[in-house]
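Peer 1: If you want the building blocks of each chain, they are given just below.
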Amino acid sequence: MIRENVLNAGILLAFAAVPLWALWADEPFTITLATRAAILALAAVGLNIALGIGGLVSLGHAAFFGLGGYAMGILAHHAQTYAPLEIGPLTIAGTKSMPVIWITALVASALVAWVIGKLSLRTTGVYFIMITLAFGQMLYYFAISWSAYGGEDGLSIYVRNGFPGLNTLVPIQFFGLTFAVLLAALVLFAALRSSPFGLALNAARQAPARVAAVGLDPARLKLVAFVISGAVTGLAGALYADLNRFVSPTMFSWQLSGELIVLIVIGGVGRLMGPVVGAALFVALEHWLGGLTEYWLIALGGILLGLVLFARGGVIGLLTGKAGPHV
Amino acid sequence: MSLLHVSALTARYGAAPALFDVSLDIGAGEVVALMGRNGMGKTTTVKAICGMLPWEGTIRFDDADLAGWPSHRIARAGIGLVPEGRRPFRDLTVRENLIAAARTGDWTLERVADLFPRLGERSGQRAGSLSGGEQQMLAIGRALMTNPRLLILDEATEGLAPLVRQEIWAAIARLKRDTGLAILVIDKSVRELAQVADRAVILERGKTAWQGGMADLTPDISERLVGV
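First to last, the sequence lines map onto chains A and B.
Numbering-wise (my numbering), the first sequence opens with residue 3 and increments by one.
Numbering-wise (my numbering), the second sequence opens with residue 74 and increments by one.
Quick caveat, the hints were computed from the structure, so don't treat them as lab data.
Backbone N, C-alpha and C define an ideal beta-carbon position, used for all residues, glycine too.
A couple of the hints might just be wrong.
What follows is a list of derived Cβ distance ranges for each label pair [what the hints assert, rightly or not]:
| no. | chain 1 | residue 1 | chain 2 | residue 2 | range |
| --- | --- | --- | --- | --- | --- |
| 1 | B | D135 | A | A211 | 17 to 25 Å |
| 2 | B | A88 | A | E296 | 58 to 66 Å |
| 3 | B | R264 | A | L121 | 27 to 35 Å |
| 4 | A | A18 | B | G178 | 43 to 51 Å |
| 5 | A | Q257 | B | D135 | 50 to 58 Å |
Whenever a hint applies, use it, and build me the whole structure from the sequences.
Peer 2: Spelled out as C-alpha cells, the structure:
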C-alpha cells in the first residue's frame, strides 16, 4: 500500500509528464487531451468541495460550468465583433484577456451558486439532488433560447483568449496554464479541508445538530462551501470554453453534472486527488476505448460499478488501502 | 441574578406533551444537578434550553430571552452542550474534533489535553475508533473549546467503566474548582452528584418537583423522587 501523499505527488508528476512526453514525441493532440483532463479535474475539484467535504450531492454543477463558459463566450464574442455589451445604461467592452474573463466567471458563478444554494440547501438528500438538477436545467433551456448568443448552436470564438506573457495558442503553454490553475485549486481544496471551516463542514455532513450545538450554523457552512465550489467549477467552465474555442448549451447539460460526480466517485470522494485521477481515467478511456467502439461508456459503467461495490474509496482508496469515503 | 433562568417551561414532541412546568435557575459558577427518573423530562429540558425543540415559557440566559433562537446562536451565546450518547464527529481525528468547535477564549487544545491527558495522547486518532470513555472526554473537550459560560452534561458517565467514570467526575470537580464555569449536570449517580453539585433540581412527570441545596436533599426526598 502506498502512502497517500506519495501517491498524490506521483499522480501530479505523471499528469505533467504526459504532455511533456507528447511535446517531445510531437503529438500535440495528446497535449490537448491532457489539457481537457486538467480542466475536467478542475471542475470536479470544485464539486469535490461541496460533495466530498460537505456531502452535498449537487446534480446541477453544470450550471456553474456553463456560466463560466458563457462568461468567456460573451466577453470574447463582444471583443471579436467590436460591439460593446450594453446592459441598460451600462456599456461594457468585450475582452480577450483570460484574467478578466476568469474573474468574471468566478464572480458570476459564485453569485448564482449563492442564490441556488440559498434556495436548495433548505432541502437535503434526494430533494437537494432534484432541486439542483432543476436549476441546472433552467439555465440549460435559457441558454438554448438565448438567440443573441447563438441559442442552441452556441458561440464560436475564433482565437483563443490571451494570458499575459504566454502564447495560449501553443498547446503546451495552454496546458501549463490550466495545470497551474488546477494546482492552485488543489492547494485551495487541501487548505479548506484542514481549516476549522473545512473540519466544521465535514462535521456538519456527519452530524448537523452537533455542529449547531458547538455554535456553528450548518446551513451557513454548507452555503459557503457551495459558493466556493460553484466558483471553482465556473472557472473550469471558462477554461473549457477556451480550450474548445466554442461554448454551447451542452455545457449546462445535466449529463455533464453527472459526469463530474462520476469522476469524483471513480477517483475517491473527498480525496484530494480523487477528481484528478477520475478525470485522467475518464479522458483516457474516452479517447482509447472511444476509438475502438462507440459503446465505451459500458466499460466506464463497469469500472464505476466495480469501484462502488468493492472500493468505496475510489482508485485512491484502493491504492492507499484506506477503504471508505473518509477524507 | 442567575445566569440561566427557566420558568414555566412547556414542550411537546409532536402531539405528546413532555414538559408541563419546569423551572430552574443556575447562578454564575454554580454546579446544579438536574435529577429525576427516566422519562421525567431531563433531556427534553436540556434540548429546550439548547434550542433543539420548540418550547413555550421563559428561558433567559445572561438576561437574554432565548425564545426563537436557533441552537447555533444559543451555543454562541455561551451554552456548551455535551449531549447524551457522546456523539463526536466520528470521521475527524481527536484534534480535528476540537479545532472544528474552537472559538477564541481560555480553552485551547493544550488545556483540554491537560484536563484529559488521554485526549492529548490520541490527538491524531479518529474519534470513531476511540473507546466510549475517550469519546465522552472528547465530547466534553469539544464543548469546552467553544469557551462556554454554562456547560451542560447530559448523562456524561452513562455506560462507562467505574475507573473512567471516576476520571470524568474528577474532571468535573476540577472544572468547578479551577474555572468560573457554571455546570448543569444530569446523572443517575446521586452519590457522585452530591460531591460536586451545589444545588439540585428534581423533575417529575415534566414538572419541577423539588429544588434546593444539595445538603437539603434528604434520603427521603431522593428515594421518593429519584428512586434511589
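Peer 1: Hint by hint, note whether the structure agrees.
Peer 2: Consistency of the hints with the structure:
| no. | hint | verdict |
| --- | --- | --- |
| 1 | B/D135 <-> A/A211: 17 to 25 Å | holds (23 Å) |
| 2 | B/A88 <-> A/E296: 58 to 66 Å | holds (59 Å) |
| 3 | B/R264 <-> A/L121: 27 to 35 Å | violated (54 Å) |
| 4 | A/A18 <-> B/G178: 43 to 51 Å | holds (45 Å) |
| 5 | A/Q257 <-> B/D135: 50 to 58 Å | holds (54 Å) |
In the structure shown, a violation is registered for the earlier hint numbered 3 alone.
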